[in-house]
Amino acid sequence: MNQLDVVMHEEIQNDVNPFGVQLEGPLHNRVSVAKRAPKIDDVGDIGRIGTIHGGGG
Amino acid sequence: MLKADIALPDLLHHAQWRDGSIVLGDSRITPHAHPSLEAWLVRTEGQWFVIVRERAASASQGPATVACDVDIEEFQRLYRQCLLWHLDYIMIEAAQAGYRMKVRAGVFGSVPVYCRAMQDRIRLSWDVTDLATEPLAIDPEITSHRLAMNTIYSTRQLCVGIQLLTERASLDIAPGRASYRYPAPAEDTSPTPMPAGRDALTMFRELLQRAVSARPTMADRISLELSGGMDSASVACALAACHGPVASKGILLDGHVRHPQVQRRGQIASRLGLFDDTVDMSDFPPDLDIKQPARTKNLAREYYLEACSALWRKACAQGHDMLFTGIGGDELFPSYLDEVQEQDSGGPGKGHEVKRYAEQLLTSHARSAAHGLHSFNAPASPVPSTALLAHACRAPDLLRHGLWPVNPLSDPSLAIFCHRLPREYRQGRELIRHYLQKHLGDDVFPRDYTKETFAGVLPELIARHAESIAVQLRDCALADLGLVDQRAVLGLLESVAATQASAPTTAFASFLWLERSVRQVH
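Chains as they are written, first to last, in this note's numbering: chain S, 5 to 61; chain L, 412 to 933.
For reference, chain S alone in the conformation it holds in the complex:
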């Protein structure tokens, strides 16, 4: 780790971010349970061709 520390840290000055780099952390290694909305289907037929009302019912 010593070499890693040296190479990674030498020029970093107190976490200065002069140019506005997006500083969020790494990806979370956990995913929430996927949600499947009722009208989302594989063909993208939101209007439901063949139904009386595109909005449902």
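The set of hints was computed from the structure by calculation and includes no laboratory data.
No experiment lies behind these values; they were computed from the predicted model shown.
Certain hints may be false.
[Unchecked claim] Computed list of chain L residues with no C-beta within reach of chain S, every gap over 12 Å:
no., residue
1, G509
2, E578
3, D700
4, E713
5, D808
6, D886
[Said to hold, decoys possible] To spell it out: a stretch of chain L is covered by chain S in this simulated footprint if at least three of its residues, at any positions, have a beta carbon under 8 Å from a beta carbon of chain S; those stretches are:
no., stretch
7, 457 to 466
8, 491 to 498
9, 588 to 595
Where is the CB? At the ideal position from N, CA and C, for every residue including glycine.
Chain S is fixed; fit chain L onto it per the hints.
Okay, now just chain L, sitting in the frame of chain S:
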């Protein structure tokens, strides 16, 4: 900086270095192999990140490729520190859970990557033609703006589905989903008084010196692109102060600009002790052939690629692997709107005339697209966007010649410093003029010096080849796409051939290069 082809299901495999690439299953990430770069693979439980970045002079010079395994706290700490790396970088990170990835770019944009995200696969490359391996749709909105010669620095490119990873931007990838995010706009600058006791010339010199010495190098690795103008001359002064005599290269132009260019370059080279070498523009005229080329595709907009490539070959033959340029110098000293004199803003300038010629080619549909305000441009950047576009335009050809580009005048700290200068230092590029006077003497850049320019190259060349160009334009891809009027194109070509005037030539050349690009990918 890298090339990658990653299938998301391969994220379940262990990422490891093999023969200069990071391999996971059948997927791989290949950093560009160059002494100016180093690549780190940092792994923790279930996730990893890779950073390919410019080596820093201030850091220990370790191996070109490193892998390490750390705990999650250390991973997060290193991740943040890599994001703040003070030179250019590209980062790729991956989380096994959900097969997710993120690609991020640094501030400098010196060698940007292009991305093509598909259902469960992402491909990245610094060479956009690597991603143009199948028929691609042309984006009519972007193409219309390009035809109208509007400046576009955007993730959206000529081809639908190929994105440029713009400076500080990130691209999130998950199975069936891709999400691009621009950064926050860079802070606005405004003229600010000099700090008490500080001298603008000294501060400029220090910042430029820091920019040319930020990367580890030695004089025998460096070629400097020396046009004979103020920008590359100032980089030459800073390099000579840092490394002593270095090699310089330049393209010698013909016509009335040649003698003053040769004389000025001679003065600069002799006073700084440069090892100067040149090629003649007339020996490497731009290729005007727009037929489907048998050779490798090239989508760059560099008009003088042939002559530039001849220079890069010389640098390569001399064993050099870094090319210092003056790109970014044009953008260092802007005028603020309230400083622009009435007479400056009153009449239409040459740019306006060029755009008028360019727009004459457009169909009503394309004109409508080009006139629409758009919201897809990248936000304000620390390095001015026109400099970033110039980097993107030239970087692939430089990398193919084994050269790493260094553009000290595009350094974001230098750019911000110059943009904040009081007016008297910016007006007429006064500060850089003083810097050059101090290093080269008063006689090299008098106020009315004849600037070297490529403006004389294309008019005569296009006029000479007008007939064969017209034959090739009987089939016009941009007309087939409904974006240009073929008769207007041929009319503009006739006008260029007859007048050899600068404005119509610029508009026609811009069209011609775009037509060639569209033919290559469509």
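Hints versus structure:
{"no.": "1", "hint": "G509", "verdict": "4 Å, violated"}
{"no.": "2", "hint": "E578", "verdict": "9 Å, violated"}
{"no.": "3", "hint": "D700", "verdict": "42 Å, holds"}
{"no.": "4", "hint": "E713", "verdict": "27 Å, holds"}
{"no.": "5", "hint": "D808", "verdict": "27 Å, holds"}
{"no.": "6", "hint": "D886", "verdict": "37 Å, holds"}
{"no.": "7", "hint": "457 to 466", "verdict": "holds (count 3)"}
{"no.": "8", "hint": "491 to 498", "verdict": "holds (count 7)"}
{"no.": "9", "hint": "588 to 595", "verdict": "holds (count 3)"}
The structure fails to meet hints 1 and 2 from the earlier list, while all remaining hints are met.
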